[in-house]
Amino acid sequence: MKPDRRATTYRSYKGILDNHILPTLGSARINRLEPADVARCIAIVRETSSASMAAKVRTILNRVMVRAVALEIAPRNPVANVQVPRFEKREMSFLTSAQLAKLFAAAAGDRFEALPILLATVGLRIGEARALTWADVNFEKRMIDISKSAQESNGAVAIIAPKTAAGKRTVAIGTATLKALQRRKRLATKEGFASARHLVFPTLSGTVVRLSNLHRRWWAPLLEEAGLEHVRLHDLRHSAASLSLLAGTNPKVVADKLGHTSAAFTMRTYAHVVDSLQHDDAAAIDRLFKPKRKTAK
Numbered sequence: 001m002k003p004d005r006r007a008t009t010y011r012s013y014k015g016i017l018d019n020h021i022l023p024t025l026g027s028a029r030i031n032r033l034e035p036a037d038v039a040r041c042i043a044i045v046r047e048t049s050s051a052s053m054a055a056k057v058r059t060i061l062n063r064v065m066v067r068a069v070a071l072e073i074a075p076r077n078p079v080a081n082v083q084v085p086r087f088e089k090r091e092m093s094f095l096t097s098a099q100l101a102k103l104f105a106a107a108a109g110d111r112f113e114a115l116p117i118l119l120a121t122v123g124l125r126i127g128e129a130r131a132l133t134w135a136d137v138n139f140e141k142r143m144i145d146i147s148k149s150a151q152e153s154n155g156a157v158a159i160i161a162p163k164t165a166a167g168k169r170t171v172a173i174g175t176a177t178l179k180a181l182q183r184r185k186r187l188a189t190k191e192g193f194a195s196a197r198h199l200v201f202p203t204l205s206g207t208v209v210r211l212s213n214l215h216r217r218w219w220a221p222l223l224e225e226a227g228l229e230h231v232r233l234h235d236l237r238h239s240a241a242s243l244s245l246l247a248g249t250n251p252k253v254v255a256d257k258l259g260h261t262s263a264a265f266t267m268r269t270y271a272h273v274v275d276s277l278q279h280d281d282a283a284a285i286d287r288l289f290k291p292k293r294k295t296a297k
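Heads up, the sequence shown is in our numbering, so the first residue is 1 and it goes up one at a time.
Hint data in this document are derived by calculation from the structure and do not stem from the laboratory. This one's a predicted model, so the numbers in the text were calculated from it and none came from an experiment.
Straight-line distance between alpha carbons at most 27 Å, and here's what the computed DSS-like set of lysine-lysine pairs gives:
#1 K141 with K185
#2 K185 with K102
#3 K179 with K141
#4 K148 with K163
#5 K14 with K163
#6 K141 with K168
#7 K252 with K148
#8 K163 with K252
#9 K14 with K2
#10 K148 with K168
#11 K190 with K179
#12 K56 with K2
#13 K190 with K141
#14 K148 with K190
#15 K168 with K185
#16 K179 with K148
#17 K148 with K14
#18 K148 with K185
#19 K56 with K163
#20 K2 with K168
#21 K168 with K252
#22 K168 with K179
#23 K56 with K14
#24 K252 with K141
#25 K2 with K148
#26 K179 with K102
#27 K2 with K163
Ranges of calculated distance between the beta carbons of each label pair, as one might list FRET restraints:
#28 R6 with L288: 46 to 54 Å
#29 R32 with R86: 24 to 32 Å
#30 A172 with R197: 21 to 29 Å
A virtual CB, placed ideally from N, CA and C, is assigned to each residue, including glycine.
All chains, full assembly: derive it from the sequences and hints.
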């Protein structure tokens, strides 16, 4: 799989193989693997790690065996009849408009002041924001082109293309985001990083900022300054999606904005917002049938 996968994806797969699969099944012959062997491996991982990791183990084992059957190394796929471990997904976090206002106020005057505004209003992934250059920002049309992302692997930072065609997109920015980026551009001019090729949010030496440094030296202190509980930088993207849906934006528009492959995926991902909107819709329907009060003559 290595030639066809991103470095981080391959490293993740290999880590799961080395740490969770090989210790249990490493000595088994692939053409003699039984469903009971697979079930035992998954049960051990669930007990020693988590249900979500056990599900990943099953996924990787299934891919291995599908390939083995295709190459006629194994007669059948013993993973097919082993159930996927059930697990509860981590509850999605997002900030309300009031919390975002506190965050933006705390960031005012910071050299990365525009970053949380951009993430929370446009819904960029943090890798996309770190790879953004001034050539991607059209101040006149109030648009941003998103066509690349910063990725770290084994200590090195690389600028890569989006995983899907939907990831390459052009999004509109509002007045608050526009003004924040204009302030950032003025500061970047003083720093010497304002040409088309320069990054919008570089280090003081002009390079791509490392994610660990961004979290430790900038994001954590910013949350403390704003008086907010810990949330991930990525949760600002969730906030952008939630606020757009609550504002009544068409789900297809929100999907295009986020770089999702379909509006259906967006609606499934942000089901908590959809549920809220359905209650609002039910209340609106009720109001249509509510008897109107007669006015006194």
